[in-house]
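**Q** Sequence:
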Amino acid sequence: METKRNYVIDFDSTFTQVEALDVLGEISLANAKDKEAKLAELKSLTDRGMEGKLAFRDSLRERLDILEAEEKHLEPLIENLKTRISKSFRRNEEFFRENRDHIYIMSNGFKEFIIPIVAELGIKAEHVFANDFVFDENRKIVGFNTENVLSSNNGKVKQLQSLDLQGDVYVIGDGYTDYEIKAAGLANKFYAFTENVERDQVTEKADHITPSFDEFLYLHKMNKAISYPKNRIKVLLLENVHADAVKIMKEEGYNVQTIAGALDEEELSEQIKDVHVLGIRSKTQLTKKVLENANRLMAVGAFCIGTNQIDLEACLDKGVAVFNAPYSNTRSVVELAIGEIIFLMRNLPDRIAEMHQGIWNKSATGSFEVRGKKLGIVGYGNIGAQLSVMAESIGFDVYYYDLVERLALGNATKCSSLDELLQTVDIVTFHVDGRKENKNIIGDRELSLMKEGSYLLNLSRGSVIDIEALHKHISSGRIKGAGVDVFPKEPKTNQEEFVSKLKGLPNVILTPHIGGSTEEAQENIGNFVPGKIIEYINTGGTTNSVNFPNLQLPRLENAHRLIHIHHNKPGIIAHMNRILAANDINVVGQHLKTNETIGYVITDINKKYDNDVIKELKGIEGTIRFRVLY
Numbered sequence: 001m002e003t004k005r006n007y008v009i010d011f012d013s014t015f016t017q018v019e020a021l022d023v024l025g026e027i028s029l030a031n032a033k034d035k036e037a038k039l040a041e042l043k044s045l046t047d048r049g050m051e052g053k054l055a056f057r058d059s060l061r062e063r064l065d066i067l068e069a070e071e072k073h074l075e076p077l078i079e080n081l082k083t084r085i086s087k088s089f090r091r092n093e094e095f096f097r098e099n100r101d102h103i104y105i106m107s108n109g110f111k112e113f114i115i116p117i118v119a120e121l122g123i124k125a126e127h128v129f130a131n132d133f134v135f136d137e138n139r140k141i142v143g144f145n146t147e148n149v150l151s152s153n154n155g156k157v158k159q160l161q162s163l164d165l166q167g168d169v170y171v172i173g174d175g176y177t178d179y180e181i182k183a184a185g186l187a188n189k190f191y192a193f194t195e196n197v198e199r200d201q202v203t204e205k206a207d208h209i210t211p212s213f214d215e216f217l218y219l220h221k222m223n224k225a226i227s228y229p230k231n232r233i234k235v236l237l238l239e240n241v242h243a244d245a246v247k248i249m250k251e252e253g254y255n256v257q258t259i260a261g262a263l264d265e266e267e268l269s270e271q272i273k274d275v276h277v278l279g280i281r282s283k284t285q286l287t288k289k290v291l292e293n294a295n296r297l298m299a300v301g302a303f304c305i306g307t308n309q310i311d312l313e314a315c316l317d318k319g320v321a322v323f324n325a326p327y328s329n330t331r332s333v334v335e336l337a338i339g340e341i342i343f344l345m346r347n348l349p350d351r352i353a354e355m356h357q358g359i360w361n362k363s364a365t366g367s368f369e370v371r372g373k374k375l376g377i378v379g380y381g382n383i384g385a386q387l388s389v390m391a392e393s394i395g396f397d398v399y400y401y402d403l404v405e406r407l408a409l410g411n412a413t414k415c416s417s418l419d420e421l422l423q424t425v426d427i428v429t430f431h432v433d434g435r436k437e438n439k440n441i442i443g444d445r446e447l448s449l450m451k452e453g454s455y456l457l458n459l460s461r462g463s464v465i466d467i468e469a470l471h472k473h474i475s476s477g478r479i480k481g482a483g484v485d486v487f488p489k490e491p492k493t494n495q496e497e498f499v500s501k502l503k504g505l506p507n508v509i510l511t512p513h514i515g516g517s518t519e520e521a522q523e524n525i526g527n528f529v530p531g532k533i534i535e536y537i538n539t540g541g542t543t544n545s546v547n548f549p550n551l552q553l554p555r556l557e558n559a560h561r562l563i564h565i566h567h568n569k570p571g572i573i574a575h576m577n578r579i580l581a582a583n584d585i586n587v588v589g590q591h592l593k594t595n596e597t598i599g600y601v602i603t604d605i606n607k608k609y610d611n612d613v614i615k616e617l618k619g620i621e622g623t624i625r626f627r628v629l630y
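Numbering of the sequence shown is given in full-length UniProt numbering, commencing with residue 1 and proceeding in unit increments.
Quick caveat, the hints were computed from the structure, so don't treat them as lab data.
Check before you lean on any hint, since a few could be wrong.
Unchecked claim - Taking lysine to aspartate or glutamate and the EDC-like style, the derived pairs with C-alpha atoms no more than 16 Å apart in a straight line are:
| # | residue 1 | residue 2 |
| --- | --- | --- |
| 1 | Lys492 | Glu239 |
| 2 | Lys283 | Glu496 |
| 3 | Lys43 | Glu62 |
| 4 | Lys373 | Asp397 |
| 5 | Lys38 | Glu68 |
| 6 | Lys489 | Asp264 |
| 7 | Lys283 | Glu239 |
| 8 | Lys503 | Glu523 |
| 9 | Lys43 | Asp58 |
| 10 | Lys283 | Glu265 |
| 11 | Lys373 | Asp350 |
| 12 | Lys492 | Glu265 |
| 13 | Lys374 | Glu313 |
| 14 | Lys72 | Glu137 |
| 15 | Lys82 | Glu62 |
| 16 | Lys501 | Glu519 |
| 17 | Lys250 | Glu198 |
| 18 | Lys503 | Asp466 |
| 19 | Lys289 | Glu266 |
| 20 | Lys288 | Glu265 |
| 21 | Lys4 | Asp164 |
| 22 | Lys362 | Asp350 |
| 23 | Lys4 | Asp132 |
| 24 | Lys436 | Glu313 |
| 25 | Lys374 | Glu452 |
| 26 | Lys489 | Glu468 |
| 27 | Lys111 | Glu137 |
| 28 | Lys503 | Asp350 |
| 29 | Lys124 | Glu112 |
It should be emphasised that the depicted structure is a prediction, and the values quoted were computed from it without experimental measurement.
Please build the complete structure, drawing on both the sequences and the hints.
**A** Okay, here's the thing in structure tokens:
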């Protein structure tokens, strides 16, 4: 007969992300002149009590004195706390409802606000053991019920002794008072919950440090949310990926490591060995050699538009999905292009440099308005098209060229060839991708076709323009000005020296690959890419993947989802379905998409399966990767 399990769970900073009395202080002290000082003292008292450095009853009394709270403050407190339930608890709501008869909330907080919060996850009110407020005749909180055992030092131990729970007892919490239960011999194990706060004095006493509730369920083979505990999914983010991305992935429960700069091939080959999700920007090269060491890698996030720094074919061979942010920094690049064009046509780079040298060179010679000038856009995708609209609005006549058939916006004119565009316009700006065919598409011949005294911008890829040829034509005066944001070889960190033949040339703007580097763009990217990766890990959905067949999947309900990535060859789905049929497993939904290299099939089944079934499915010839979602 299986031993009954009882779960004793703390409330503040465990069930919720915050200490409730700290939040109550924000509400009750909102109009106090010394609000910040009182809130700081409140937090200090909380921490000292949780770490066992201050007698609990003294800590509680002093905190209530500071709060000056009233009954009317409890309703907004409850509404606030309902939005602050710990993420991993919310993810595993099914566990709480299924085990509600064996879950006990043991808290030094107060029933008045705890019971409405834990009820959100189906926990019984009679299983909540906490303190009681004492109110005066004006409904002001003036203290706590001193007869309640939880108001006393070592109160949780005394309360649990009185319950006399039968079976195993597991304590989950973040405070010293939670450890005291185990120390008193009343619990099998104490799990230090560190999703929201980590206290050294507590974690060093724990039987197990639990970064999220997923970890606890995984240890006890009870995880109902996904097939792999989220805190064991290791994420490596390089190149100062936006803080929002770090926050989103940590809140999802992932184990996130950040490195400020890029890594070279050898460094990344070493770092990537146990990584499940890699996030990079434009400097890190994800090569086939690196991927040979990436046996756990599931997904790559390119926190930028381009993916030419990633060997997409090698990722396919490894069953690694790649996601980018194709639209998130479009506006930022367009604004920089417009600004640089105006700067170059007014010869401002030289005038600005002269002023810093004390030279006053007031002249209209070689300085032009943009109105009526012909702007040529090479690459009429997301950026090129938006630039077309903005440029026309300030007076440009816009011409464009793209290998793909694109509909002209506004009054833009399509050119039939790159040569035609180069010979027609006054300014050429490049917004193409980094495919091999685009390497050095502008060399000596193409620059010779451009009008004498024309201007050039490259905010796309460093490989697009032959730098030697550009240097030659700027030095001769044929090209009157240039703005270059991307280079064939770029420093990996801000500490490395930038080297280029274009340095020191007249009327040349050199920028350090910052076309998309605005706070707005990086925030957009930091929010967009993690969402796609999380969707892929949690549901198998591949919307916006740049290398996988795109599948948008329905929400998984009351089923198991089998994710099978395989080489695109005939008969694999038939083989899968024969295995399922032979084991009397009914398919309730199946989704398949392929590209030239791989097939991606999602199969939802409505019953439990034997591990031998999984072994058979993994053993199908041509299988690249297989995983299960619950």
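**Q** Each of the hints needs a verdict: does it hold here or not?
**A** Verification of the hints:
1. Lys492 with Glu239: Holds, at about 9 Å.
2. Lys283 with Glu496: The hint holds at about 13 Å.
3. Lys43 with Glu62: At roughly 11 Å apart (the allowed maximum being 16 Å), Glu62 and Lys43 satisfy the hint.
4. Lys373 with Asp397: 6 Å, holds
5. Lys38 with Glu68: Holds, because 11 Å separates the two Cα atoms, which is no more than 16 Å.
6. Lys489 with Asp264: 13 Å, holds
7. Lys283 with Glu239: It holds: about 8 Å lies between the C-alpha atoms, which stays within 16 Å.
8. Lys503 with Glu523: 31 Å, violated
9. Lys43 with Asp58: This hinted pair holds, its Cα atoms lying about 14 Å apart.
10. Lys283 with Glu265: Between Lys283 and Glu265 the Cα gap is close to 11 Å, so the pair holds against 16 Å.
11. Lys373 with Asp350: At roughly 21 Å apart (the allowed maximum being 16 Å), Asp350 and Lys373 break the hint.
12. Lys492 with Glu265: 12 Å, holds
13. Lys374 with Glu313: 39 Å, violated
14. Lys72 with Glu137: 13 Å, holds
15. Lys82 with Glu62: 26 Å, violated
16. Lys501 with Glu519: 30 Å, violated
17. Lys250 with Glu198: 14 Å, holds
18. Lys503 with Asp466: Holds, at about 15 Å.
19. Lys289 with Glu266: 9 Å, holds
20. Lys288 with Glu265: Within the cut-off at roughly 10 Å; holds.
21. Lys4 with Asp164: The given pair, whose Cα atoms are some 13 Å apart, holds under the 16 Å limit.
22. Lys362 with Asp350: The hint holds at about 12 Å.
23. Lys4 with Asp132: Answer violated: Lys4 to Asp132 is near 30 Å, above 16 Å.
24. Lys436 with Glu313: 14 Å, holds
25. Lys374 with Glu452: Answer holds: Lys374 to Glu452 is near 14 Å, not above 16 Å.
26. Lys489 with Glu468: 13 Å, holds
27. Lys111 with Glu137: 20 Å, violated
28. Lys503 with Asp350: 13 Å, holds
29. Lys124 with Glu112: Cα-Cα ~14 Å, so holds.
In summary, the numbered hints that this structure violates are 8, 11, 13, 15, 16, 23 and 27.
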